[in-house]
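Undergrad: If you're matching them up, the sequences are chains Y and V in order.
Residue 132 in numbering that gives the first Met the number 0 sits at position 133 of the first sequence, and the numbers go up by one each step.
Residue 267 in numbering that gives the first Met the number 0 sits at position 268 of the second sequence, and the numbers go up by one each step.
Since the hints were derived computationally from the structure, they do not count as laboratory data.
Since this is a predicted model, take the numbers as computed values, not measurements.
There's no promise every hint is true.
[Unchecked claim] In silico SDA-like links for lysine to any residue, alpha-carbon gap of 20 angstroms or less:
1) V:K166 to Y:R98
2) Y:K152 to V:T234
3) V:K213 to V:Q168
4) V:K162 to Y:V135
5) V:K105 to V:N277
6) Y:K152 to V:K162
7) Y:K152 to V:N217
8) V:K166 to Y:G134
9) V:K213 to V:N265
10) V:K166 to Y:D146
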Amino acid sequence: MIASDALATREAAEQRSPGRTLPWPRARLLLALPAVFFVLFIAVPVGALVVRAAQSGQLLATVGQPVVRDALRISLTTSLATVAIVVLLGTPLAWLLARGRFPGRGLLDTLVDLPMVLPPVVAGVALLMAFGRRGVLGDALAGAGIDVAFTAKAVVAAQIFVSSPFYIRAARLGFQGVDPAMEEAAAIDGAGGLRTFFSVTLPLMLPSLVSGLVLCWARALSEFGATMMFAGNLQGTTQTMSLAVMTAMQSSLTTALAMSVVLLIVAAVVLFVFRTLTRQGPLV
Amino acid sequence: MLLSRRASALLLLLAALAVACGSSGNKGSASTNVAPPSAVTNATSAAARSALATPSQPVAGTPARPTPAAAPVSGTLLVFAGSSLTTVFNQIGADMQKANPGLTVKFNYGSSAALRTQLAQGAPADVFASADQQNMDGARQDGSIDGPDLLFAKNKLIVIAPKGSTKVQSVQDLAKPGLNLVLADPSVPVGNFARQVLGKLAADPVYGAGFDQKVLANLKSNETDDAATVATVQTGQADAAIVFSTDVTGQAAQALSSIPIPDQDNVITTYPIALVKNAPNRAAAQAFIAYVRGPQGQATLKQFGFIVDSSTGTSAAMSGAEQRRTAE
Chain Y
0 MIASDALATR
10 EAAEQRSPGR
20 TLPWPRARLL
30 LALPAVFFVL
40 FIAVPVGALV
50 VRAAQSGQLL
60 ATVGQPVVRD
70 ALRISLTTSL
80 ATVAIVVLLG
90 TPLAWLLARG
100 RFPGRGLLDT
110 LVDLPMVLPP
120 VVAGVALLMA
130 FGRRGVLGDA
140 LAGAGIDVAF
150 TAKAVVAAQI
160 FVSSPFYIRA
170 ARLGFQGVDP
180 AMEEAAAIDG
190 AGGLRTFFSV
200 TLPLMLPSLV
210 SGLVLCWARA
220 LSEFGATMMF
230 AGNLQGTTQT
240 MSLAVMTAMQ
250 SSLTTALAMS
260 VVLLIVAAVV
270 LFVFRTLTRQ
280 GPLV
Chain V
0 MLLSRRASAL
10 LLLLAALAVA
20 CGSSGNKGSA
30 STNVAPPSAV
40 TNATSAAARS
50 ALATPSQPVA
60 GTPARPTPAA
70 APVSGTLLVF
80 AGSSLTTVFN
90 QIGADMQKAN
100 PGLTVKFNYG
110 SSAALRTQLA
120 QGAPADVFAS
130 ADQQNMDGAR
140 QDGSIDGPDL
150 LFAKNKLIVI
160 APKGSTKVQS
170 VQDLAKPGLN
180 LVLADPSVPV
190 GNFARQVLGK
200 LAADPVYGAG
210 FDQKVLANLK
220 SNETDDAATV
230 ATVQTGQADA
240 AIVFSTDVTG
250 QAAQALSSIP
260 IPDQDNVITT
270 YPIALVKNAP
280 NRAAAQAFIA
290 YVRGPQGQAT
300 LKQFGFIVDS
310 STGTSAAMSG
320 AEQRRTAE
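In isolation and in its complexed conformation, chain V is listed as follows (with noise of 0.2 angstroms):
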């Protein structure tokens, strides 16, 4: 009897325990998370600095820019980032950790949608970069982001096949009964802009009424985000899909051929950014941002396809004042 008194006391005390653990998981690591990092700043931002300050430092790949303004950070930084930023988040997360010895950049990507949900469940990101303002503002209604969120980039969609499809050669083919045709689900980004697209098509008397439902007709999945959905063409299982045009890149591009939507027809969609509410690594995140719409990240985002202008980007000279009068 004794013991099993004692016995189901512990068993109370653990169940607390459990309960406990659970419910300030998300605080907790949050908290820890914070501690390291602002420690590891102030130990190693000297050095960078002195560095830095070290005339004619070598820059890799990038010609006559202003010099590095911005106060280098340090620690783990954590992005959140739509699937369609993965191949040119990449290059600016190399580029940003060459400037900044002594930071990590680490990338969560997925659909948008998903990655609102996961930031909404209490994720330690830094970062949410998605891939329309649809779920960005979702992510603020959450209360999952701080501050203002901002615009950095644009893109359209194009329609892509296997290289040398005979089935799908213009943007008409895809009304072709019995074309396997998969696009991303309606709730992610680019799946909802592709049926946007398909409306707009059909307003079009080129494309005539009904052409939008004569299309979907021929969908035969709903892929998660769109890497997955260029993946099921360039497998030759799908015969066709609508993508963003940067999702045309690398090995992939070998493998397909991208059919233009005209502009008329086309949905132009913007990428903004933000702060994540309670980002761990505050400061870095800040920088990742401002280096996204500076002159550096801009080019970046231009040479992987992506449409940049004075709307997504401070301009090359200004921000080079700008940021060293910040950094000062």
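Looking at chain Y on its own, in the form it has when it is part of the complex (with noise of 0.2 angstroms):
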């Protein structure tokens, strides 16, 4: 699908201005090879998941199962969950980074980052360290009577660790691609700082905010070793979408297929929703 529109825009493009092709025809030839190599190599593993659900035949029976709805559930709460505390306590940060000139910004800075490269089984690990019942904190949580133990607490918190360098960096190139001659002229037209911030920062650094938002919310939903570490595995309580596809893989794969189906469509819609969003809406 993919591929053969590719070539039809291409082929469109050579009729309307012959001129602006490659000299040399068959470098475009050298081009496609990898290409195509690649959208397949993405492409099958996909398609089989789809073929071989639909063979199982028992799709949608398989969707209306309670452990498939609680599954869903969970992972649309938890991952929307994390997507707001993200942009709420992750913006003012990526304004500081963006923005700030103070000691340690670099380090900071690589910190942030930091959760992207870890194994996320890794991130488990650390979040266990520090706020399990045994970790660092762990006597002072529970003097706060705090216990996130096997709470869906416990998966947001998993999935904010591991998302939020895809918001935030995002959110920082956002601030940094913004002209600050831009926010002094509209200073100078009297506005304040923070009608400044909404109505000229904002709407300019929108789009890397939508893909960053876009982004973290993807890691969220996918998100399972440091899920699965952190917060365990009960259906109706912790058990999102990713850990119910693990669960399902023991002792029925019809099962699996179905759910990672679901998520594969659920996925898409939002990415389509998002990117039609950012392409034809106002905010670009």
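These two chains come separately, so use the hints to put the complex back together.
TA: Here is the structure:
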């Protein structure tokens, strides 16, 4: 599909402006070869998932099962909570990283990005060592009456830890991309700090914020290792879609396939909606 | 136009190639795996045999055993084993490599249920050792097993708690409201057995009807295998779990206290082992199964806390003679 679309587009372009194509036609073929291989590498597994799930003939029956509905509910609520918290707490941090001039900024930058390169299982162990019942802050938390073990709060904590860098990075780049002269101009025209932010800075950086938001949400939705390690795996409480797929793999490939396809559809729809919004909406 | 036609032809060709690779992937890798090891076997077995022929060869760790009877095997052996076998199979693998220069034993540990799925998807394994009969039978139904499956060990369950726990000191304590209990998922052998034990306890007047319900009300997580279950108690996140008695070894033993479950309420579990269909290294697979069920393997299993008896292996005197006969 995608490959043929690309070909069609290229043909159209060729007809419109033959002068702008590459001087050596074979060069394009050489470029197309690795590209096609790569597209197939992504498309074949995704297609195989759908084909096998459809072949099992129990896709719809499985989707209605309580275990799938519970997992979908928990995945959506926890990942949305994660995104909300990351935006709320991460945006000021991104601004500091983009505009602030203070000692140790580079170090802070690295620290913020660190969870992105850590294997999720390591993130899970780190969270356990910090906030677990026997963790460094375990006693303090217990003293305050906070016990996150085996609760949805732990799921959200794991997701925030692994997914926040995706938003903060994008937001920092967004802030850096806004020319301070524009903000100064708004200030000269008499706009206050808040007004400048919401009517000048925010609209200018919105595309990068949205793409960071989507990446952050996608990472939270797909989170598995840290959640398993830190929050546990119980249907209706902490079992997200990823955990449910993993658990189902142990006993029923059919259920695992059906759940994978549900997750695939949810993710594809959200990605599509966001892409459409950022391309055609007032955002760009 | 010409170019685009050529390009689409190329696309088609690529797609066909990809499909062809995808469908024959497993068979292809299996057959390529078979060829080199057998070549290696022929090349090295003569040398290995002459090494065996030299008298008074040193035998590490195992006193007074019959002369090594099985013909030496070589190549790479891939064993799929339930994760409760991790420590003991690592030892047995090392022992076998020592006795068979040129043999590399590799293990893939996981829940027996997950391993069964991997086998059904065509994983190129040689041996499957399951932590229960159910998954072995399932693997056979999938068409993953070749020949009979043989019993090689037994195990039973215990309750574990973090060392020095004041919350859990007896089996009865599992029903205390508010306890954080973790079990392996019901699809995992140890998780299934744990629930069977709870059922038996509920039938025992000492614990009383409804005991299993009270305990399961404390369930906070279904872990993916017994290693993960033990780790969750070890880190203190959970107050208790029900696992195999053999799961508490090494470092875990220092961090955990074990509470025995009375025999009449316990589940004695059995471990079957079998040759995988189309095993890339059939000879080594058969040697491994014979070793595990032979006197040395049985001794090692016993040393790691497994229950061995006449049903799990051949007795030392018999197997020596038997194996020598088959080797000739």
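Undergrad: Any hints from earlier that this structure breaks? Give me their numbers in increasing order, please.
TA: 1 and 6
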